[in-house]
Amino acid sequence: MSLYVKALLKLLKGCGRVQDNDIIEMFWSRDEAAITETEKKYGKYCHRIAMNLLGNKEDADECVSDTWLRVWNVIPDERPQYFQGFLSKIIRHIAINRWKYQTAVKRGAGTVSLVLDELEECVSGTSNVESEYEAKELSEAIDAFIKCLPEKEQCIFIRRYFCMEPVQSIAECMGIRANHVSLILSKIRKKLKLYLQKEGYEV
Amino acid sequence: MKTEELFEAIGGIHSETIEKGMRFMKTSDAKVMKNNDKEYTSVSSDGKAKILRFAQVRKIVACFAAAMVLLIGSTSIAYAYVPSFRELINAIFFPKYTTEEMVAIENGHLTGAFDEQDVLLTFLDKFNQKEWGNQISVKYENGYFYEMFCENEGSLIAFVDSDQNDLVVAVYMKKQEYGDTTGIWQVEGYQVLHQVEAEDIKSRLSVYFLEA
Numbered sequence: 001m002s003l004y005v006k007a008l009l010k011l012l013k014g015c016g017r018v019q020d021n022d023i024i025e026m027f028w029s030r031d032e033a034a035i036t037e038t039e040k041k042y043g044k045y046c047h048r049i050a051m052n053l054l055g056n057k058e059d060a061d062e063c064v065s066d067t068w069l070r071v072w073n074v075i076p077d078e079r080p081q082y083f084q085g086f087l088s089k090i091i092r093h094i095a096i097n098r099w100k101y102q103t104a105v106k107r108g109a110g111t112v113s114l115v116l117d118e119l120e121e122c123v124s125g126t127s128n129v130e131s132e133y134e135a136k137e138l139s140e141a142i143d144a145f146i147k148c149l150p151e152k153e154q155c156i157f158i159r160r161y162f163c164m165e166p167v168q169s170i171a172e173c174m175g176i177r178a179n180h181v182s183l184i185l186s187k188i189r190k191k192l193k194l195y196l197q198k199e200g201y202e203v
Numbered sequence: 001m002k003t004e005e006l007f008e009a010i011g012g013i014h015s016e017t018i019e020k021g022m023r024f025m026k027t028s029d030a031k032v033m034k035n036n037d038k039e040y041t042s043v044s045s046d047g048k049a050k051i052l053r054f055a056q057v058r059k060i061v062a063c064f065a066a067a068m069v070l071l072i073g074s075t076s077i078a079y080a081y082v083p084s085f086r087e088l089i090n091a092i093f094f095p096k097y098t099t100e101e102m103v104a105i106e107n108g109h110l111t112g113a114f115d116e117q118d119v120l121l122t123f124l125d126k127f128n129q130k131e132w133g134n135q136i137s138v139k140y141e142n143g144y145f146y147e148m149f150c151e152n153e154g155s156l157i158a159f160v161d162s163d164q165n166d167l168v169v170a171v172y173m174k175k176q177e178y179g180d181t182t183g184i185w186q187v188e189g190y191q192v193l194h195q196v197e198a199e200d201i202k203s204r205l206s207v208y209f210l211e212a
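First to last, the protein sequences are chains V and S.
Mapping of the first sequence onto the working numbering: position 10 corresponds to residue 10, and the numbering continues sequentially without gaps.
Mapping of the second sequence onto the working numbering: position 136 corresponds to residue 136, and the numbering continues sequentially without gaps.
Hints in this document: simulated from the structure, not taken from any laboratory.
Incorrect hints may appear among the rest.
As the list claims (entries may be wrong) - To give an idea of the interface, some chain S residues facing chain V are shown, with a C-beta separation under 10 Å as derived from the structure:
1) Thr3
2) Ile10
3) Gly11
4) Ile13
5) Lys20
6) Asn152
7) Ser155
Computed from a predicted model, the values in this text were never measured in an experiment.
C-beta: ideal position from N, C-alpha, C; glycine also.
One chain only, chain S, in its complex shape:
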């Protein structure tokens, strides 16, 4: 058999087979491109290519989303479990006592700042205010339900029951040095945790006993 015969025989295949083979080839709006000084119609914008490119874009978006979820997840876990990391984040995102507040403390006001429980309760009152935009609120029935745990000297975590049974609000508090006093307490941040996660953290901490 000669090559030309085979070549011409390929030209005699059924129209259906040709159409099937050409299904991804564009018909009317194939882009004309210049390449090596030779003009030919390109198929780079064909349906198949678009589908592939779309799939590639989707892959990239999916990878990015997965990376973001991983980042947020690991940040969240690190925030809950690693005090030094939490301090770093707090130092960046959460404000310290404002100058006015410090002046007020200096002038003998805001005395509650010296009492960790007072600081916590003030925070929880604010937490339940709608303007904070929280999705959940802390449970209040003639008072809040919370347990305090000592993380290390000068820092504690209060686990406060929320209005949703399986969720707990962990409030991170730290004692700031202030003059000759024992220090002033400040809420550094909070995190909504699942009950199981909270129990796990609690098991690593020691119960904090409020000073009489």
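Isolated chain V (complex conformation):
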């Protein structure tokens, strides 16, 4: 019963929420309320991605603030169709840059090292992605690969390798055991390796 009440409250709460298109319009009209609304709607989400990467609250807060600034500067030129995905990419990029800066001093912050270790299975270790164009092509290939995966695997892959979410957290969210998530991830990595080989990448 309480579940229904909670769902109803959530629905009522959601009624007052500003839609993504409205937020984008606010950014276009240079209305500063756009940042407040974005923070209200996606603040914790972005914070979580940064936290997964950096493992430090203060750093994550700074990344989130940088994200709002970046979005403020970028949006009048762009009109993102998928606002949440757009924000995810920006926060991830900012957080990775910060992580790179930090690892120049000390290694091991957040779960990035773990994720990199896992992804090592899919690649050879020698660099051949030389140009930005090739890097973009690789992103396109990975995008196509993700789209070919079943819905559940897509979700697990994105959460683990894009958001760097802990396996336990993914398991809780998906309602499955952590071991099961690890097994699925292992299968996806094998599939990705085969896929990249097939696409002509040296892995």
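Use these hints to put chain S onto chain V, whose structure you have.
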């Protein structure tokens, strides 16, 4: 290819793909939890998790309901077919003659209690009274339509036609020992049965002949 290159390439996937992959992730009200002295936002209260939990609750409720139906069904069948089980249930739920009634019998009143047919008809009159709250009533057209079957010595079942064609009211009666008499009859319980079920029970019993 280096791991870092692959890692960064994953960051370059389309926003649409990211959104699709993140569709079950909460945006604004992710709960902040403490775990291993490390703060991270939890997704335990996400929509997907709630759906799963809701489905789990529904599963439990469904299992419980199925168990209840099974229990009620098997109890009902056992009540109809197993006299010893019926006696046990009756002993728990149905009252015997009250003290006043016993006194009345002792004083020579309630003589009908010695006659099984009288006891049955009195019961059926009461059965048709609205205050009993029965969904059905027994058929009455210048009398009731019933057949009596002997279950074992001192116990019988009367199958009474109801006002619904396919349903029959089975009235379980038992003779209680009473002093030096042949015993007093008492309705121990009743059960609404389907015609087919009633016919099946009847086939296992012998017809009871009323004493002249």
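Task: Interface hint for Thr3 of chain S, Cβ within 10 Å of any Cβ on chain V - done: 5 Å, holds
TODO: Have a go at the Ile10 of chain S hint: is there a Cβ in chain V nearer than 10 Å to its own Cβ?
DONE: 5 Å, holds
Open item on the list: Does the closest beta carbon of chain V sit nearer than 10 Å to the beta carbon of Lys20 of chain S?
Closed with: 6 Å, holds
Open item on the list: Hint validation: Ile13 of chain S versus chain V, beta carbon distance must be below 10 Å. Holds or violated?
Closed with: Where the cut-off is 10 Å and the nearest Cβ of chain V is about 4 Å from Ile13 of chain S, the hint holds.
Open item on the list: Under 10 Å is the threshold here; is the Cβ of Gly11 of chain S close enough to any Cβ of chain V for the hint to stand?
Closed with: 5 Å, holds
Task: When the least beta-carbon distance from Asn152 of chain S to chain V is tested against 10 Å, hint result - done: 49 Å, violated
Open item on the list: Min Cβ distance, Ser155 of chain S to chain V: is it shorter than 10 Å?
Closed with: Since chain V brings no Cβ nearer than about 46 Å to Ser155 of chain S, farther than 10 Å, the hint is violated.
In this structure, the earlier hints numbered 6, 7 are contradicted, and the remaining ones agree with it.
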